[in-house]
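Asker: Chains A and B are the protein sequences, given in the same order.
Per numbering that gives the first Met the number 0, the first sequence starts with residue 0, numbered consecutively.
Per numbering that gives the first Met the number 0, the second sequence starts with residue 0, numbered consecutively.
One thing to keep in mind: the hints can contain errors.
What the hints assert, rightly or not - 25 Å max Cα-Cα, derived BS3-like pairs, lysine-lysine:
no.	chain 1	residue 1	chain 2	residue 2
1	B	K184	B	K18
2	A	K403	A	K418
3	B	K29	B	K336
4	A	K141	B	K235
5	A	K320	B	K320
6	A	K63	A	K18
7	B	K93	B	K63
8	A	K141	A	K179
9	A	K26	B	K238
10	A	K238	B	K277
11	A	K320	B	K36
12	B	K29	A	K141
13	B	K335	A	K141
14	A	K277	B	K238
15	A	K335	B	K29
16	B	K380	B	K336
17	B	K141	A	K320
18	B	K36	A	K141
19	B	K369	B	K336
20	B	K93	A	K336
21	A	K141	B	K26
22	A	K336	B	K26
23	A	K29	B	K141
24	A	K29	B	K335
25	B	K336	A	K26
26	B	K320	B	K18
27	A	K335	A	K141
28	A	K141	B	K18
29	B	K336	A	K29
30	A	K18	B	K141
31	B	K380	B	K238
32	B	K26	A	K335
33	A	K93	B	K320
34	B	K409	B	K235
35	A	K36	B	K141
36	B	K228	A	K238
37	B	K277	B	K238
38	A	K26	B	K335
In case anyone wonders, no lab produced these hints; they're calculated from the structure.
2 protein chains.
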Amino acid sequence: MEIGVGIIGLGTVGGSVYKVLAQNREKIEKEVGQPVKVKKVFDLNQSRYDELSVPEEQRALSAKEVLNRDDISIVVELIGNIEPARSIILESLKSGKSVVTANKELLALHGEELFTVAAESGVDLLFEASVGGGIPIIKPLKESLTGNRVREVMGIVNGTTNYILSRMSEEGCSFSDALKEAQEKGYAEADPSADVEGRDAASKIAILASIAFNSRILSTQVYCEGIRKITPQDIKYAKELGFVIKLLAVGKEENGLIDVRVHPALIPVTHPLASVEKVYNAIYVRGDVVGEVMFFGPGAGGMAAASSVVGDIIEIARNLKFGSLGRIGCTCFESKKVRPIEDLITRYYVLMEVLDRPGVLASIAGEFGKAQVSLASVIQKETFGERAELVFMTHKTIESSFRKALEAIKGLPVVNEVKNVIRVEGEE
Amino acid sequence: MEIGVGIIGLGTVGGSVYKVLAQNREKIEKEVGQPVKVKKVFDLNQSRYDELSVPEEQRALSAKEVLNRDDISIVVELIGNIEPARSIILESLKSGKSVVTANKELLALHGEELFTVAAESGVDLLFEASVGGGIPIIKPLKESLTGNRVREVMGIVNGTTNYILSRMSEEGCSFSDALKEAQEKGYAEADPSADVEGRDAASKIAILASIAFNSRILSTQVYCEGIRKITPQDIKYAKELGFVIKLLAVGKEENGLIDVRVHPALIPVTHPLASVEKVYNAIYVRGDVVGEVMFFGPGAGGMAAASSVVGDIIEIARNLKFGSLGRIGCTCFESKKVRPIEDLITRYYVLMEVLDRPGVLASIAGEFGKAQVSLASVIQKETFGERAELVFMTHKTIESSFRKALEAIKGLPVVNEVKNVIRVEGEE
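Chain A extracted, bound-state conformation (with noise of 0.2 Å):
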């Protein structure tokens, strides 16, 4: 029995998967025991056909030629965002067609209604490609590493802003030097905020924290900060701290409570995800079993993603020849709450502007210290005239002291500017 694909959207994915189908189709049909077929392609930008030499009889008019197709049993939703892509999703599952997707944006706000009607028409639904591209981590985590609870799912899982993070710690240079540099080399959009203000990781830690701690997390529930706000000078005084500044996207269960965000962080060193450079993307997990382990590999790309999409067609094509479909579906059998951000306890990197002058220290240090946030080290640097810097790194303390003992600080006369802070993540 042939198995029938319709891929809807032929963009940089949808292309390479369509490549990648013809390309190796002799592999996929020994390693699954039966044909796997393309049928049907659409893409509203139909010059696209003619890039990839779509033959005639391949080519949909519209995306539900596609869904009609009686001999369609993989449907492949490769357009992105929202709608139309939610409800040509959902007609498929229900006209019982199996769907993968890379769709991060829409699995992390309607991931429960997809699942539950997957569930229903007994069909998969799978996206390995939604998270970390050619990476090998859904599937992982839903499955080989099932025997543990997750203690904490960590990554880096947005080339651009790891791109731009490596261009700076190497170079020097400014953000808006390193963003300029990734647009111009296509890693980055014209419109690079959804990457840099941190929203498409945080699409990214909704699903894998989903899955980690079985409890659906929204993408809304996520705090999230970007990057625009580190500079060359945060890298520098890391770096002499022995940290490492990364956009970081984490998801931890303490207390039955699930902590979830993404923001930049300083990591030591040490830690396998400290030397993860430039657009690779990688995800670190600590269960209660296995220990740590971590998953790394190219985070953005049409072939990395397509790799992750043809694995979840080969997937259910066999579960299609075993008759198995819905054999592995949603997996968030528990209902966690989302710690709020203010009950985070972590420790702090600070940096701030001062007046050079006798007591200053002082001052700062017992406003810290009248909220309870106690100091790991401080470190005052170059001097410019009248003006000092100080770096202060806090010990674990909590994010409502801390930012209690902020305000008052910012209140002081002699204190010019708090010019950044940022969490610490990593370490034992």
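With chain A's structure known, arrange chain B on it following the hints.
Answerer: Here is chain B on its own, set in the frame of chain A:
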């Protein structure tokens, strides 16, 4: 329906599996949708029963007693070595029970026989823990990455030797001192030969290469060199040249031939494998679609391996639930030849001690030239009275030519000793 498990072998891994199935029972039941319960365990050393507080009704008096139970559908073999493990697995499979094993030696020698019987009986034979301990690598290769034609699978798959090399690199200590320390810390066995001579890694790369290239490779087909000859000097010179020395297990496919070997190698400090330290393992995979991915984690230890074993148990339990046993069996559907080591094309590091005299370099370079071995760099190092040390890095050359040159060089009267020869891996 309850899913019954029998465990044969309650050593470090078996004992951990027993504990994890109890400790995470509730989570596993929710993931599978059915309870997974240990029915019987067996170990020759009956004191293990007390150590693990195994209740009377679970204690078997023989392996046979486990195999004979009708309520056991998954047999976990964790005794290691060839016999009686082979017979136990064969009998289990023939009686329709699925098997989970971590037995790399057995799989790398008798894999074909075992997988044939598993397929005939329509059951699963899973072995995630056989390579890389707790790192998910078998399943990602057989599933997530199946859309790729794998070009290369390369890893640090032996924690003992990686610990030794890490310590030699950090402390500048000798192989024997580092080995002694590893033994004291429980990272090396009293008889460390299977680890330090590379045979453990050879079994593992045989398994990985068989999956990656869809063609059965036996451990006896793996060219194998250990790390006993590596000195702190080699590590120091490598560092100066921008490399680290690791015991690598390498599998590559080129022109339909499989290159599979275990030996110490110089890898560039920038390679993802270079920063894998201590007892950690990592497996790097290069596919034609995904590019480079790497899997990192604990390569040894009872709990790490138990994470993989329990993952496999859950996989089989899901197949039992969906009637899809045998869903993914042996994928060695090709029959590719192994390339002899003499045909390897690579770069070499050569350290030799020579007489410190005019014309020495010319005569050595002359011998390399005669054998068509081109030199990339040569460094003259510390001179001790009459003697000097020369470090050569060759360009890519065929191993047979290189060996010819080396034999001729060893015969030169000005050459006291060729101290070490190490291949270079992981360059572009």
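Asker: Does each hint fit the structure? Answer for all of them.
Answerer: Going down the list of hints, with the structure as the test:
A distance of roughly 24 Å separates the Cα atoms of B:K184 and B:K18; the hinted pair therefore holds under the 25 Å criterion. For the suggested pair A:K403 and A:K418, the alpha carbons sit about 17 Å apart, so the restraint of at most 25 Å is met. Restraint check for B:K29 and B:K336: the C-alpha separation of about 45 Å exceeds 25 Å, so the hint is violated. For the given pair, A:K141 sits about 43 Å from B:K235 by alpha-carbon distance, which is inconsistent with the 25 Å threshold.
Of the supplied pair hints, the one linking A:K320 and B:K320 holds, its CA atoms being roughly 16 Å apart against a limit of 25 Å. At roughly 23 Å between alpha-carbon atoms, A:K63 and A:K18 fall within 25 Å of each other, so this suggested pair holds. Taken as a hint, the B:K93 and B:K63 pair is honoured in the structure, with Cα atoms around 14 Å apart against an allowance of 25 Å. Proposed proximity of A:K141 and A:K179 is contradicted: the alpha carbons are some 38 Å apart, above 25 Å.
A hinted pair counts as satisfied when its Cα atoms are at most 25 Å apart, and A:K26 with B:K238 does not qualify at roughly 41 Å. Between A:K238 and B:K277 the CA atoms are separated by roughly 24 Å; this keeps the pair inside 25 Å, and the hint holds. Between A:K320 and B:K36 the alpha-carbon distance is near 29 Å, which puts this suggested pair outside the 25 Å criterion. Pair hint B:K29 plus A:K141 holds up; C-alpha atoms about 12 Å apart against a cutoff of 25 Å.
Proposed proximity of B:K335 and A:K141 is contradicted: the alpha carbons are some 33 Å apart, above 25 Å. A hinted pair counts as satisfied when its Cα atoms are at most 25 Å apart, and A:K277 with B:K238 qualifies at roughly 24 Å. Using a Cα cut-off of 25 Å, the hinted pair A:K335 and B:K29 holds, with the two alpha carbons roughly 15 Å apart. A hinted pair counts as satisfied when its Cα atoms are at most 25 Å apart, and B:K380 with B:K336 does not qualify at roughly 42 Å.
Between the alpha carbons of B:K141 and A:K320 the distance comes to roughly 16 Å, so the proposed pair stays at or under 25 Å and holds. For the given pair, B:K36 sits about 20 Å from A:K141 by alpha-carbon distance, which is consistent with the 25 Å threshold. As the CA atoms of B:K369 and B:K336 are separated by approximately 31 Å, the hinted pair breaks the 25 Å bound. Pair hint B:K93 plus A:K336 does not hold up; C-alpha atoms about 48 Å apart against a cutoff of 25 Å.
A threshold of 25 Å between alpha carbons decides the hint, and for A:K141 with B:K26 the separation of about 12 Å falls inside it, so the pair holds. Simply put, A:K336 and B:K26 have alpha-carbon atoms about 18 Å apart, close enough for the 25 Å limit, and the pair holds. A C-alpha spacing of about 12 Å is found between A:K29 and B:K141, which places the hinted pair at or below 25 Å, so the restraint holds. Restraint check for A:K29 and B:K335: the C-alpha separation of about 15 Å stays at or below 25 Å, so the hint holds.
For the suggested pair B:K336 and A:K26, the alpha carbons sit about 18 Å apart, so the restraint of at most 25 Å is met. A hinted pair counts as satisfied when its Cα atoms are at most 25 Å apart, and B:K320 with B:K18 qualifies at roughly 24 Å. Simply put, A:K335 and A:K141 have alpha-carbon atoms about 18 Å apart, close enough for the 25 Å limit, and the pair holds. The suggested pairing of A:K141 with B:K18 holds, with an alpha-carbon distance near 21 Å, which does not exceed 25 Å.
Between the alpha carbons of B:K336 and A:K29 the distance comes to roughly 19 Å, so the proposed pair stays at or under 25 Å and holds. Among the hinted pairs, A:K18 with B:K141 is consistent with the structure: their alpha-carbon atoms are about 21 Å apart, no more than 25 Å. Restraint check for B:K380 and B:K238: the C-alpha separation of about 14 Å stays at or below 25 Å, so the hint holds. As the CA atoms of B:K26 and A:K335 are separated by approximately 14 Å, the hinted pair is consistent with the 25 Å bound.
Between the alpha carbons of A:K93 and B:K320 the distance comes to roughly 23 Å, so the proposed pair stays at or under 25 Å and holds. Under the criterion of a C-alpha separation no larger than 25 Å, the hint pairing B:K409 with B:K235 is consistent with the structure, at around 23 Å. Taking the CA atoms of A:K36 and B:K141, the gap is about 20 Å. The hint holds against a cut of 25 Å. At most 25 Å may separate the alpha-carbon atoms for a hinted pair to count; B:K228 and A:K238 exceed this at roughly 37 Å.
Pair hint B:K277 plus B:K238 holds up; C-alpha atoms about 17 Å apart against a cutoff of 25 Å. With a CA separation close to 14 Å, the supplied pair A:K26 and B:K335 stays within the 25 Å bound.
Consistency note: the structure conflicts with the earlier hints numbered 3, 4, 8, 9, 11, 13, 16, 19, 20, 36.
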